[in-house]
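Engineer: From first to last, the protein sequence lines are chains A, B, C and D.
Every letter in the first sequence is one number past the one before it in the numbering used here, and letter 47, counting from 1, is 142.
Every letter in the second sequence is one number past the one before it in the numbering used here, and letter 93, counting from 1, is 96.
Every letter in the third sequence is one number past the one before it in the numbering used here, and letter 109, counting from 1, is 315.
Every letter in the fourth sequence is one number past the one before it in the numbering used here, and letter 519, counting from 1, is 664.
Quick caveat, the hints were computed from the structure, so don't treat them as lab data.
It cannot be assumed that every hint is accurate.
[As the list claims (entries may be wrong)] In the DSS-like style, the derived pairs of lysine-lysine whose C-alpha atoms are separated by at most 27 Å in a straight line are:
#  : chain 1 : residue 1 : chain 2 : residue 2
1  : A       : K152      : B       : K228
2  : B       : K104      : B       : K69
3  : B       : K195      : A       : K152
4  : C       : K435      : B       : K218
5  : D       : K159      : C       : K253
6  : C       : K387      : B       : K187
7  : C       : K483      : B       : K228
8  : C       : K486      : B       : K195
9  : C       : K397      : C       : K427
10 : D       : K280      : D       : K159
11 : B       : K195      : C       : K397
12 : D       : K159      : D       : K635
[What the hints assert, rightly or not] A short list of chain B residues far from chain C (calculated; beta carbon distances all over 10 Å):
#  : residue
13 : R20
14 : V27
15 : A35
16 : V106
17 : P176
18 : V196
19 : V233
20 : P240
Beta carbons are placed, not taken as given, at the ideal position from N, Cα and C, and that holds for glycine.
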Amino acid sequence: MSAPGTFFHAHEEDPVEAYQNFKFGMWMFLATEVLLFGGLFAAYFIFKYRYHELFVKGSSHLDWRMGSLNTLVLLISSYTMAMAVDAAQRSENQKLIRNLLLTLLFAATFLVVKGFEWIPKFNHGIYPGTDIYFSIYFLTTGLHLLHVLIGMFFIGLLAVRANKGRYNSENFGGVEVGGLYWHLVDIIWIFLFPLLYLVGSV
Amino acid sequence: MSEHKMGHLQEPSTYLRILIYLFVLTIVTVAASKVHFGWEFLNVIVALVIAAFKASLVIRFFMHGKYENGETWAFIVYPIVLLVTLVGFLFLDYGFRPKDKYVVTPVAFDDQAHGEHGSSHNSTETHGEPTNDHAAAETPAETHGDSSDVANAEPAGESHAEAPAEAAANALPGDAAKGLEKAKILCIACHKVDGAGNELPGAPPFAETMANPEKTPEYLRKWLKNPAEVKPGTIMPNLGLSDSDIENLIAYLATIKN
Amino acid sequence: MPIDVSGISEIGTRVDQVQMALIWLMAFCFIACNAVLIYFMLRYRRKSANQPTADLRGSHFIETVWTLIPTIVVIIIFFYGINVWSDMRTPPEDSYQINVKARQWSWSFEYPDGRVEATEMVVPVDTPIKLNMVSEDVLHSFFLPHFRVKEDVVPSQYTYLWFEAKKTGDYHIFCTEYCGKDHSAMLGNLKVVDEEAWQRWLRNEPEPGQAPLSPEQRGEKLWEKWGCKGCHSTDGSVVLGPSFKGIYGKEEHFESGESLVIDDNYIRESIYSPQAKIVKGFTNQLMPSFQGQLKEDDISDVIAFIKSLQ
Amino acid sequence: MSHAHADEHYLQAKGFYNWFFSVDHKRIGLMYLLAILFFFLVAGFSAILVRTELLFPGHTIVDARGYNVLFTLHGAIMVFLFIVPGIPATLGNFLLPLMIGAKDVAFPRLNLLSFWIYLLGVVCVLYALVGTPWKDWLDTGWTLYAPYSVQSSTGVIPITLGVFILGFSSILTGLNFTVTIHRLRAPGMTWHRLPLFCWAIYSASLIQILATPVVGITLLLLIMERIFGIGFFTPALGGDPILFENMFWFYSHPVVYIMILPAMGVVAEILPVFSKKPIFGYRAIAYSSLAIALVSFFVWGHHLFVSGMSYWSRWVFSLLTFAVAIPTAIKVFNWISTLYKGSIRLDSPMLYACAFIFLFTIAGLTGIPLATLATDVHLHDSYFVVAHFHYTMQGGTVIGLLAGLHFWYPKIFGKMYNELASKVGFWMLFIGFNMTFMPQFLLGYFGMPRRYYDYLQEYADLHFMSSIGAYLNGLAYLFIFGNLIYGLFKGKAAAKNPYESLSLEWTVPSPPPLTNFDEVPTVEDWTYGYASEQNA
């Protein structure tokens, strides 16, 4: 099956061009992600405006310390991811792998903390649909969680490929683009944290 | 040349510095949320401004945004413009809608009232008829108080509800078994109950009714109290049910699923 | 068909003035553009292979002109439209208020005195009417084509609409927001009556020249309205309760062993306390009491109706 | 399999694998074309059934529910499966790299992935529409308005999921094209030398990227509403159906520009070629495409003029809606001016292009009373709206697609269709189309609400006329596509550049070789230097 122009036989591209396109494409994809979450943010603001009391009451069920902890964890993971890209740019493969694994570790920590938040809620009979605040809470954090999982999958993939020595100062597009995605996950959380956890804690 | 095309190197210490800034800003966010700014939405705005600043740090330094050209920045900025527009126009709509014209005010989830017993769709319709421009929204406390009392009285120890519908049934004050007994005497004349009885035209199967999310317990309460008031000309008679009969019937109906 | 509605309402007349202005504008633009298009198509049709063509790449002057002109025109239209629309959305303070409820697939109208009518809305002429509308289920839209007004009827909030009829007559009410299976059957009738007829209608009197409803007819209406027909047939067939056919004046045996000739008193008693004397064989004790719901007048109408079924 | 020669043209490869796994933009474009034309015929057939039902008042062929199912089927398939992928995924895919002098799109594999995702979405949508027992066929209308769609027992979840998936396909296609235009232009192909079709595709792609995610999340919320009762759109839980309308139209209004902009681009390509004249006001047309794309996000509220949204919202949205009229008007004036002092060949692509201008002026002008608040209140949700958007969608997009298909047919297939037959088809379509939808403007103005299964006797004549027009309209399509298919088998071989176009896609053989260009071309001048007299 070696027909030209089919899936495994696309024409070769100039690596620098490919890198540029890849990165530009990723920025654009991030734009769509922003707007995907944007719909939820819009719903948040509208219902927050209409049902302020309900939101204050709802967010009092959340523990802002857990939220802060998760914020810090994600920020550190963003840092390690940035360091991973830096290591790839400098062809320091060991450092690259170490940083990718650290990022994975922090992402996993985020998941664990999230689990400690969610499971007691379910035990208390709080679900999406309990009231509008918790619907928004579960949908935004849930969609964010989905992005964390996707991000973890790709970071894992990057680690495996880094282990094979794929990345160096001439070829680090994959790491950088993966990094862009991961930082977006971080940015979304930077907005979610105060909106969900802190509105009612005055 | 290739160095220029293949991205930029930053001093590793820069990343660390940015991380520290981000930490500090997180603390500022939490601290700011503890301060009363007088107007409740000012807190939200302050939180958003700090978050936007944090995000810009991540974009500029962690994501190497400061080395990107205008074409990329256009795709960073325009989505944000759109988002602000979306929210802004929604406020142009919701902000200027007369608030006293809303039909329903939802009730927040309340830990005390519901104890360990699943959640319920705590919507309480406040049917203020808009006669002469005053759609008075009654406080929903009354009904709410009712149901929570009975909910507390319910025997504990049942397994936690899996599905919201089941959870809703658990939180209902009535006794489903008594409801079923009553239904076998009354409703069976026109509706099938437990597979037995008539199914008259105009008397829908209970499963169909319960599949309709509009038919909330609140709706059913009004309906059973006096069908003709909810739907003039309906074939269903006023059965003269007592409040406890109604609650029992609703509890029974809530157990019916497709 | 609501084609020319001038005179039916002031707003409708003004809307049509805007509409006519727009139609003339549209016609002018359409003809101007396409006359030029077709003229060019024919005039510059290729007659020889090397027909010369001009190197016209644009003209800042003319492009600026044809940017500015539409801009000015649409701004004028905007304010012209807003002017009329703003009045359309501002009901006079002293409007007569009717509550409109929409459900799949019918309308009901509640008057200030608590009276509820289905399908037909009767309003007085020369009086501003404000409708406060809410839906019980899905989205609907209340449309009076002759008055050029429309507003969605939604379940989440009360919306409003106002109009003032200048001419008596019957007008369409349409639902214009898709609401499910019988959307197209969700029609109503707006009956605009003069002051005299309106007062009569308010007092529930029949129109002159038209026979008032007989007690039997009123009774039949009640039989339908209160759901009696769910259990009591009029053709002799037994549904859940005894059929009304031929029951009046007949001797009936009761569960208690007594027997009685069915008369006015028995019917009255059965409506107010249905379980007092149950006809033999009907043990389900289904029937609710209508005490407090059917008035004495209503009862005599029902009796007349049952009497008529021989 | 044998190793192919570099100059082998893209149609030569046979077999499932070579096509279904092809990353070549031309083959993918052709596969899209086949798919969307199939759905066009399916949805067109349901339109014929709808019009047959409306031939007479009362029951004609189906009952009320059947009618609702039919118009839902027509709307959903036309919008989601035909017209949104429409021109960008077919002609855009095929021509964009050729026109800018690239060997392929920026991400060829992603392009194939978009197509596969499209097929996956198709499966979901079709399942919801026709994949279940008759009583479960979707009847919510393509707009899926809450709370009806929350309550409906029909396949709302599968179609919502399907549209969500199709959204991904649309986003990835738009992203691919945007990166392609930004980064893969041949040396010398500056932004201001870019063919106008590429500008149009670029503008449409921006909308695809930026608007689609919002409808994605909205539909996700609708699914969640049905599964968990999250209460965003259910009034009994404190939700607001108008929020759904707002968020739905934030996407679905810009989406009409995804449909119409590429058609405008096609017309802007055809007019100069067949007039042998430079396009008039190149920059104005290019920038007005972009302006329409960017402004289109701010006008969605005109779909909610009678929905119960606030007074000031309606006020502002009315004003902004008028703002879109201006770039549109500029485009029309520029197109017409292009013909001035030209040397016009009225071949079928040119006929379609002129018909586009003709019909589009009607479509655009009838938008004015719909943007004007006073008149829109009366016309909202009436047949006037139906006629208006069919003039834009069929008179605009479909006519534009046909213009493009006839124009690039020799390039795509290397064959020629029968010119006389295509002209006959054109006139059938032109007459049938106007006969179908002209009466609907009147119906709407006379108060006939849309989505009505049954209607009052007084509307019967106009409905009857419209239905008869619809049959002619339908026949015309069969005739036109019949002619095009016939040309594939019996048509003469096409020359490399039969219309003497100066655009890059005509510099390669017909059909184009697999790798498009042996050497990446260098562009010296803009695309539209057609004039025989140089008076610059």
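Engineer: All hints are to be evaluated individually against the structure, with a verdict given for each.
Structural biologist: Hints versus structure:
1. Between K152 of chain A and K228 of chain B, the direct Cα distance comes to roughly 33 Å. Violation of the 27 Å bound is thereby established for this hinted pair.
2. The straight-line distance between the Cα atoms of K104 of chain B and K69 of chain B is roughly 49 Å, outside the 27 Å bound, and the hint therefore fails.
3. A threshold of 27 Å between alpha carbons decides the hint, and for K195 of chain B with K152 of chain A the separation of about 43 Å lies outside it, so the pair is violated.
4. Our distance criterion of 27 Å between C-alpha atoms is met by K435 of chain C and K218 of chain B, whose separation comes to about 25 Å.
5. Taking the CA atoms of K159 of chain D and K253 of chain C, the gap is near 44 Å; set against the 27 Å cutoff, the hint is violated.
6. In summary, the hint linking K387 of chain C to K187 of chain B is not supported, as the alpha carbons are separated by about 32 Å, beyond the 27 Å threshold.
7. For the proposed pair K483 of chain C and K228 of chain B, the alpha carbon gap of about 25 Å is at most 27 Å, so the pair holds.
8. Proposed proximity of K486 of chain C and K195 of chain B is supported: the alpha carbons are some 24 Å apart, at most 27 Å.
9. With a CA separation close to 21 Å, the supplied pair K397 of chain C and K427 of chain C stays within the 27 Å bound.
10. Straight-line distance between C-alpha atoms of K280 of chain D and K159 of chain D comes to about 42 Å, which puts the hinted pair past the 27 Å bound.
11. The suggested pairing of K195 of chain B with K397 of chain C is violated, with an alpha-carbon distance near 42 Å, which exceeds 27 Å.
12. Distance check on the hinted pair: K159 of chain D and K635 of chain D sit about 20 Å apart at the alpha-carbon level, within 27 Å; holds.
13. For R20 of chain B, the non-interface assignment is confirmed: its Cβ lies about 50 Å from the closest Cβ of chain C, beyond the 10 Å cut-off.
14. No beta-carbon of chain C comes within 10 Å of the beta-carbon of V27 of chain B; the shortest separation is about 44 Å.
15. No Cβ of chain C approaches the Cβ of A35 of chain B within 10 Å, the least distance being about 34 Å, so the stated non-interface status holds.
16. Annotated as non-interface, V106 of chain B brings its C-beta within 10 Å of a C-beta of chain C; the closest such distance is 6 Å.
17. The claim that P176 of chain B lies off the interface holds: its Cβ sits roughly 23 Å from the closest Cβ of chain C, which is beyond the 10 Å cut-off.
18. Non-interface status of V196 of chain B relative to chain C is upheld: no Cβ of that chain comes within 10 Å, the nearest being about 12 Å off.
19. Interface exclusion of V233 of chain B from chain C breaks down, the closest Cβ pair being 8 Å apart, not more than 10 Å.
20. The beta carbon of P240 of chain B sits about 4 Å from the closest Cβ of chain C, which is not more than 10 Å, so the claim that it is off the interface is violated.
Figure legend: structure checked against the earlier numbered hints; hints not met, in rising order: 1, 2, 3, 5, 6, 10, 11, 16, 19 and 20.
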